[in-house]
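Using the sequences and the accompanying hints, generate a full structural model.
Residues per chain are reported as follows:
Number of protein chains: 2
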Amino acid sequence: MNGHSSSLRPPSSSSSSVSIEGIKEASSSVSIEGIKEAADRIRPFVHRTPLLRCSFLENSILGAAALVGGGGAAVNGSADEREGPGVFFKCENLQKVGAFKIRGACNAVSLLKQENPETAAVVTHSSGNHAQALALAARLHGLRALVVMPKDSPKVKVAAVEGYGGEITFCEPNQQAREDTADLLLKKHGGTFIHPYDDTRVVCGQGTVGLEIAQDLKGLDAVVIPVGGGGLLSGTAVAIKALTPTTRVIAAEPVNADDAKRSFEAGEKKLNEAPPQTVADGLKTNLGDVTWPLIRQTVDEVISVSESEILSALRLVMERMKLVIEPSAAVGVAACLRPEFAERGYKRVCVVLCGEEEDDEEEKKEKEEEGKGSFLEKIEGGDGLRTQSRIDVKAEGREEEDEEEEEEEKEEDYWYNPRYFHRKL
Amino acid sequence: MNGHSSSLRPPSSSSSSVSIEGIKEASSSVSIEGIKEAADRIRPFVHRTPLLRCSFLENSILGAAALVGGGGAAVNGSADEREGPGVFFKCENLQKVGAFKIRGACNAVSLLKQENPETAAVVTHSSGNHAQALALAARLHGLRALVVMPKDSPKVKVAAVEGYGGEITFCEPNQQAREDTADLLLKKHGGTFIHPYDDTRVVCGQGTVGLEIAQDLKGLDAVVIPVGGGGLLSGTAVAIKALTPTTRVIAAEPVNADDAKRSFEAGEKKLNEAPPQTVADGLKTNLGDVTWPLIRQTVDEVISVSESEILSALRLVMERMKLVIEPSAAVGVAACLRPEFAERGYKRVCVVLCGEEEDDEEEKKEKEEEGKGSFLEKIEGGDGLRTQSRIDVKAEGREEEDEEEEEEEKEEDYWYNPRYFHRKL
Numbered sequence: 001m002n003g004h005s006s007s008l009r010p011p012s013s014s015s016s017s018v019s020i021e022g023i024k025e026a027s028s029s030v031s032i033e034g035i036k037e038a039a040d041r042i043r044p045f046v047h048r049t050p051l052l053r054c055s056f057l058e059n060s061i062l063g064a065a066a067l068v069g070g071g072g073a074a075v076n077g078s079a080d081e082r083e084g085p086g087v088f089f090k091c092e093n094l095q096k097v098g099a100f101k102i103r104g105a106c107n108a109v110s111l112l113k114q115e116n117p118e119t120a121a122v123v124t125h126s127s128g129n130h131a132q133a134l135a136l137a138a139r140l141h142g143l144r145a146l147v148v149m150p151k152d153s154p155k156v157k158v159a160a161v162e163g164y165g166g167e168i169t170f171c172e173p174n175q176q177a178r179e180d181t182a183d184l185l186l187k188k189h190g191g192t193f194i195h196p197y198d199d200t201r202v203v204c205g206q207g208t209v210g211l212e213i214a215q216d217l218k219g220l221d222a223v224v225i226p227v228g229g230g231g232l233l234s235g236t237a238v239a240i241k242a243l244t245p246t247t248r249v250i251a252a253e254p255v256n257a258d259d260a261k262r263s264f265e266a267g268e269k270k271l272n273e274a275p276p277q278t279v280a281d282g283l284k285t286n287l288g289d290v291t292w293p294l295i296r297q298t299v300d301e302v303i304s305v306s307e308s309e310i311l312s313a314l315r316l317v318m319e320r321m322k323l324v325i326e327p328s329a330a331v332g333v334a335a336c337l338r339p340e341f342a343e344r345g346y347k348r349v350c351v352v353l354c355g356e357e358e359d360d361e362e363e364k365k366e367k368e369e370e371g372k373g374s375f376l377e378k379i380e381g382g383d384g385l386r387t388q389s390r391i392d393v394k395a396e397g398r399e400e401e402d403e404e405e406e407e408e409e410k411e412e413d414y415w416y417n418p419r420y421f422h423r424k425l
Numbered sequence: 001m002n003g004h005s006s007s008l009r010p011p012s013s014s015s016s017s018v019s020i021e022g023i024k025e026a027s028s029s030v031s032i033e034g035i036k037e038a039a040d041r042i043r044p045f046v047h048r049t050p051l052l053r054c055s056f057l058e059n060s061i062l063g064a065a066a067l068v069g070g071g072g073a074a075v076n077g078s079a080d081e082r083e084g085p086g087v088f089f090k091c092e093n094l095q096k097v098g099a100f101k102i103r104g105a106c107n108a109v110s111l112l113k114q115e116n117p118e119t120a121a122v123v124t125h126s127s128g129n130h131a132q133a134l135a136l137a138a139r140l141h142g143l144r145a146l147v148v149m150p151k152d153s154p155k156v157k158v159a160a161v162e163g164y165g166g167e168i169t170f171c172e173p174n175q176q177a178r179e180d181t182a183d184l185l186l187k188k189h190g191g192t193f194i195h196p197y198d199d200t201r202v203v204c205g206q207g208t209v210g211l212e213i214a215q216d217l218k219g220l221d222a223v224v225i226p227v228g229g230g231g232l233l234s235g236t237a238v239a240i241k242a243l244t245p246t247t248r249v250i251a252a253e254p255v256n257a258d259d260a261k262r263s264f265e266a267g268e269k270k271l272n273e274a275p276p277q278t279v280a281d282g283l284k285t286n287l288g289d290v291t292w293p294l295i296r297q298t299v300d301e302v303i304s305v306s307e308s309e310i311l312s313a314l315r316l317v318m319e320r321m322k323l324v325i326e327p328s329a330a331v332g333v334a335a336c337l338r339p340e341f342a343e344r345g346y347k348r349v350c351v352v353l354c355g356e357e358e359d360d361e362e363e364k365k366e367k368e369e370e371g372k373g374s375f376l377e378k379i380e381g382g383d384g385l386r387t388q389s390r391i392d393v394k395a396e397g398r399e400e401e402d403e404e405e406e407e408e409e410k411e412e413d414y415w416y417n418p419r420y421f422h423r424k425l
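Which chain is which? The protein sequence lines are W and H, in order.
Numbers 1 to 425, taken from the UniProt record's numbering, label the letters of the first sequence in order.
Numbers 1 to 425, taken from the UniProt record's numbering, label the letters of the second sequence in order.
Where hints are given, some of them may not hold.
As the list claims (entries may be wrong) - Label pairs and their in silico Cβ distance ranges:
| # | chain 1 | residue 1 | chain 2 | residue 2 | range |
| --- | --- | --- | --- | --- | --- |
| 1 | W | R338 | H | D152 | 32 to 40 Å |
| 2 | H | L271 | W | G142 | 56 to 64 Å |
| 3 | H | G63 | W | K188 | 35 to 43 Å |
| 4 | W | L337 | H | H189 | 37 to 45 Å |
| 5 | W | R344 | H | E167 | 35 to 43 Å |
| 6 | H | H189 | W | G345 | 37 to 45 Å |
| 7 | H | Q215 | W | E83 | 50 to 58 Å |
| 8 | H | R338 | W | Q114 | 42 to 50 Å |
| 9 | W | L271 | H | P339 | 50 to 58 Å |
| 10 | H | E273 | W | R344 | 46 to 54 Å |
For the record, the hints were derived by calculation from the structure and aren't laboratory data.
Yeah, the Cβ is synthetic: ideal placement off N, Cα and C, and Gly gets one too.
Below you can see the structure in the form of structure tokens.
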């Protein structure tokens, strides 16, 4: 595939086709130097996202002694001058395309064009933020983005990719059809496949989140990062450990998609039992062959959180910080609110609000049906949309510690997503 | 009242008791010097809120030619270095207590303590952000805050004020009872009454929003500010006109509470026909006797927007900017999206996302009933809450340009507020 060892790295679920050599080569090429180069490369195209604070959450996370005064949020610019206790939220939900994905996509596309000026197109199969990010990154670099999407994808997702200039090819809604169709496009149009996370160029791009954190915040005790496929986690962890080795890197994931925790404990990559049932759409993915070795080397701990903890954290961020986040981003906040986190006694913490959407198409048909005719389409005429995360109304397997609480949660499942509100479910 | 001409300024609806002398004195004491002094005074207690951008909204407001690339948001720190076209959102929704109100309250309390170190208490009647802001400001300055609230106030609002250390005295739910009870408290405990907006100290505090904008953003064509009582508008306008006289100051308000527009056109203060029906709770208030003369002198234009425009803008900000705002804050965004705004050809604009809640208690009983037993109480145990804005489900008198669209809106009225979602209306 154009001589790039990772240019057509298959998803980890079919990783047998990736050689050990390939993995080693890929992992070793994610370094702080690579991340700094990525930062220079993507600077014109992405936001340096703000670090915000919220007294209420700070109080909840660090304990009452740590802070002064009421609610609210906002640190801008002067964050590096601040010392002492604090919880800082790295707002990748305010990033272009609504997620950190644009960082990795831009780095991959830019590097690709630099190494091979003849390249005319990038290819991917995804309907999540990666597809939109890759489409925008390609447009910004004058390349075509060929995106494979299942034929039953919700209109809003299709419109979002098209809005960023992506050219969509529809396929049957299964993994094999997606891969086959992507292969066909590669054969027909040439170009290079860009994986959403298991690609060193993408990981270096996501790592710029960690670079910015280390530059803006000195003396951090811990950085908390949600983990799905591990692109954001591995890149950020490499940057943090290179620049501030004493800072603990903590991964956060749903109990219901705890492949990272189990991998961490076993010392070898474990898969989720497919398909994981969690509101945190973006974190259902398994760790990748590029990301897992990096995570094993750099991450200190994995904290897993229940579905009710994710929803509580989501509400707190919306209520208290006035930020709209996706459930995946709430996972890191939920981890900080767990008793085992409080026991560590951290005084200066950064939490990445990732803003990530599912790239996995399995079992989505039912949900997609519900997404049709949403108010998003109505108010924006289906033009240039960015899709929203949706809470999986059918989510099963949540922790059942408290039946009454569970009952309440079922009722509240709909509260986050305007699509459901509009339908008055 | 302790020798402060504005210390017990009654609401504008009973303004006959305020002398012309008093008004002139008050208005003339709101100056850029006063605002700069306020900034120094409140700096330790409030956030310098960030300026965020959103490509999608920028595109919608300035036209397609003005920008590059996709959605997302975020300017931090380096805003003053940026030149050229742009729409910048001044995020007072990320301010402490969730609104700019803390600025005015802090300035008033701080100035009061400076002028009269013996002062032990501040008094107000309010259940909106002002009550919470004053309670926090008083606590931060070691004073008592005595807050009069109607006895049927929602628990969440009571808890919010108590959470910031306010001492609540309940009264009958009408304006006369509120004023009488406040007077009683003043007689019994001493202290000083702090009006939510019609007080020069408060106006100077709110004016720090304009000061920060002028410091952070050079060469602005226009600043857009929602107007209710006019504290934020008048203070910000004074700062902007003093520092960048060529910047146009544009007020935004609901068509259904258009006292500012009618006052502006008539050249004299006009009142709303009580009570205005709008989702923008915080903008129902009439202009004050301090604020109106300042507005007349400094504001260039008033744009009024329909209820459907407010709701559309609210959705766009939540969907595209990932920010939770109250309907009052959406009014400024809605004004920028109107055709008459586009016709001006502005290229560099700042919109204040105010984050403001109603201070007016009239006709709230019905809504308050709906607020009871909200999930806020459940998830936070009624401790130290900050209240949320609510969309007035019973809102009448919205523009009826399109029956079908109106029908849709009724369905969607509930989407914003988790309280309603929880109840699956």
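Q) Quick one: are R338(W) and D152(H) within 32 to 40 Å, going by C-beta? A) Check passed, 38 Å falls within 32 to 40 Å.
Is 42 to 50 Å right for how far apart the beta carbons of R338(H) and Q114(W) are? holds (44 Å)
Could you check the hint for me, namely that H189(H) and G345(W) are 37 to 45 Å apart, CB to CB?
holds (42 Å)
### Message
Does the beta carbon distance between Q215(H) and E83(W) stay inside 50 to 58 Å, or does it fall outside?
### Response
violated (24 Å)
Next item on the list: Could you tell me whether the CB distance from G63(H) to K188(W) stays inside 35 to 43 Å?
Entry: holds (37 Å)
Is it true that the C-beta distance of L271(W) to P339(H) lies inside 50 to 58 Å, as the hint says?
holds (55 Å)
- Message: Tell me if the beta carbons of R344(W) and E167(H) are separated by a distance inside 35 to 43 Å.
- Response: holds (37 Å)
request  = Note whether the CB distance of L337(W) and H189(H) lies within 37 to 45 Å or breaks it.
outcome  = holds (39 Å)
Is the hinted range of 56 to 64 Å satisfied by the C-beta distance from L271(H) to G142(W)?
Cβ of L271(H) to Cβ of G142(W): about 58 Å, so the range 56 to 64 Å holds.
Whether the CB-CB distance between E273(H) and R344(W) falls inside 46 to 54 Å: violated (59 Å)
Violated hints, in rising order: 7 and 10; the structure is consistent with all others.
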